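S.K.: Below are the chains, spelled out letter by letter.
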Amino acid sequence: MRLISRIGGWFDERLQIAAPIRDAAEHPVPRNTASWWYVFGSAALVVFILQLVTGIMLALVYVPSAGEAWNSLQALNHDIALGWFIRALHGWGSNFMVAIVLIHMTQVFLFGAYKFPRELTWIVGVFLLLMTLGMAFTGQVLRFDQDAYWGLGIGASIASRVPIAGPAIVKLMLGGPIIAGATLSRFFAMHVFVIPGLLIGFVCLHLLMVLKLGINEWPMPGRLVRRATYVNEYHALTRKDGAPFVPFAVWKDLFFAAFILLAVAACAAWFGPFGPAGKPDPTIIQTVPKPDYFFLWLYALLSLLPPSMETPALLIGPVLVILGLLLLPFLSGEGEKSWKRRPIAVLTVLLLAITLGTFTHLAEYAPWSPQMNAWSGASIPDQFLKYTSAVERQGALVFQVKQCRNCHSLGENGGERGPALDTVAMRLTQDQLIRQVIQGGGNMPAYGKNLSPAETTALVAFLETLHPRGQAPARDASRDVVLGERR
Amino acid sequence: MSDQTTTRRRLFMKLGILFNGFAAAVLAVPIGRFLLSSVTRGRANGYLSWVSLGRLSDFPEGETRLATFRNPLMMPTDGKTVDTACWVRRVEGQKFQVFAVNCAHLGCPVRWFPQSGLFMCPCHGGAYYRDGSRASGPPERGLFEYPYKVDNGLITIQAGEMPTPGASVACTERERPCA
Chain H
681 MRLISRIGGW FDERLQIAAP IRDAAEHPVP RNTASWWYVF GSAALVVFIL QLVTGIMLAL
741 VYVPSAGEAW NSLQALNHDI ALGWFIRALH GWGSNFMVAI VLIHMTQVFL FGAYKFPREL
801 TWIVGVFLLL MTLGMAFTGQ VLRFDQDAYW GLGIGASIAS RVPIAGPAIV KLMLGGPIIA
861 GATLSRFFAM HVFVIPGLLI GFVCLHLLMV LKLGINEWPM PGRLVRRATY VNEYHALTRK
921 DGAPFVPFAV WKDLFFAAFI LLAVAACAAW FGPFGPAGKP DPTIIQTVPK PDYFFLWLYA
981 LLSLLPPSME TPALLIGPVL VILGLLLLPF LSGEGEKSWK RRPIAVLTVL LLAITLGTFT
1041 HLAEYAPWSP QMNAWSGASI PDQFLKYTSA VERQGALVFQ VKQCRNCHSL GENGGERGPA
1101 LDTVAMRLTQ DQLIRQVIQG GGNMPAYGKN LSPAETTALV AFLETLHPRG QAPARDASRD
1161 VVLGERR
Chain E
365 MSDQTTTRRR LFMKLGILFN GFAAAVLAVP IGRFLLSSVT RGRANGYLSW VSLGRLSDFP
425 EGETRLATFR NPLMMPTDGK TVDTACWVRR VEGQKFQVFA VNCAHLGCPV RWFPQSGLFM
485 CPCHGGAYYR DGSRASGPPE RGLFEYPYKV DNGLITIQAG EMPTPGASVA CTERERPCA
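So the sequences go chain by chain: H and E. Each residue of the first sequence is one higher than the last, beginning at 681 in the working numbering. Each residue of the second sequence is one higher than the last, beginning at 365 in the working numbering.
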């Protein structure tokens, strides 16, 4: 022991950092902040360090070349001992990091920790969130498979919509006229050098401010923040009811950090690495690209916005959101901190969580996309063919061959782009069916040019049978009068 | 130290900062030009050229077929990504339409369904008629078309850039093909 302390002493005589570290570790924090609610910031840092370590491991093998990246990922998955596990750790680590950063941000928001004097800590935090999302997107590109390739295409298509500078931004982003070798190289540089470098710097700044300004005290309803008095009140609080951070509060951070690391490892071991999916070969167009989990909500939004709203929403929306986050501490820098007395804050969080959750859930089964194989894969259930005439069966065949099933389901099988047709005869009369098939409308293409009169007759005859047994189909009542027909 | 020396040292410091500013400016020019090289080359139309898709006989009249071509600009690290697909519709005789596979909405690859005469996009549900015009879904326009010409029994198209929705004003008009 004496030897160790002598060696330690030798180093500290030259480094002179033992005293500042001790001061930082033992700085007093308000006693009630030693709470399980305060562990998410340190957990985000720990996962970030895990990402750095596993990222460096992967870089030992990964080849950032459009021709070789996919093969090097396969080598990691299959040829190198535990390569799959390191990939899985890095992939699951990124999911956890995005989630923990968002939880941390929500907690900080609900506890009013962004208010005076911690405005800049919040602003730096907003940049940390943006960089975390940037790492998530660039990381998805480095897993250079079909999803990455077409995901880049979507990114380029969005960027191209910027007025005037659009095409230039696309070429800058892709490093050339198309998605190719140069594209992967620059995303590699962003993911491995630029963004992590910035992240490390901003994390240090963020931490420094937490140390200098002190951790946010537990918000008490009615204890208002005022610029003139807050700092004195905070110091009085830490003097009266404070405790040294180490060991008083730190043990919870330590336990939670270890728990998160084990959770990432468990997910990695159980679920394995993400992809890579199919080879990034642009001539293989039989693919259904989907973004990674944390961008699924955006995928849903892009499908559900009306076309005319899309470009403004894509270009102005993010600017407004980021501006709103940055301005938040200036708009409500004083006053009530407790979420118990900030109903609008609580409602905002709930609204955002429900919206993002709903969009993500929708994007998981993408009801807006035609099911490309439904016409050949899902046969018409028997119950729809019982007691049908020859022409109606011919219509069922037309229904199948003309890919109607890609967008319309029958017997809960088929696309959901258009309405299910199980009982369509109850909603539309014969004339309306013919008109809809031939002219299209709503969101349906017109099939007039692709159906012969005989096919149309047969198809509509089949559609007219689609009503529950014992219930009459929709009928145009005026027809009897106008045509003098009697049925 | 006298006041005069201090003033002189201050002046030297300012000159030193200025000198470094000059050095930074000298270096910024090549660095900036390097970073923007992919943009400037595009402005000068340095990416586009004519590439062959194959013989006329490969494309039966009245049908739409998938063709592939190699991007005119290649780098040794590109791998398979330089191979690009496009849909070739031979209307009749020497009259063609060559569509980019990229959906005009957000660039996903559209698939051709000859039975229903529609192009469908797997991403957000865009659909196009056989002539490339918009049928339904989120796209605000028809499919992108490559300029083509027929030479010596070969069909060639002008290609080299990924078509995107905001590529240029001309691209929003269906009459003026572009890619």
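Treat the hints loosely; a few may be bogus.
[Unchecked claim] Straight line, CA to CA, 16 angstroms or less: simulated EDC-like cross-link-like pairs of lysine to aspartate or glutamate:
id, chain 1, residue 1, chain 2, residue 2
1, H, Lys959, E, Asp447
2, E, Lys459, E, Asp495
3, E, Lys444, H, Glu1096
[Claimed, not checked] If you want a taste of the chain H side facing chain E, the calculated C-beta under 8 angstroms gives, among others:
id, residue
4, Thr818
5, Val842
6, Gly855
7, Gly955
8, Met989
9, Glu990
10, Gln1063
11, Leu1065
12, Lys1066
13, Asn1086
Hint data in this document are derived by calculation from the structure and do not stem from the laboratory. Here the structure is a predicted model, which means the values were calculated and not measured. Virtual Cβ for every residue (Gly too), placed ideally from N, Cα, C.
S.K.: What hint numbers does the structure not satisfy?
M.R.: 3, 4, 7, 8, 10, 11 and 12
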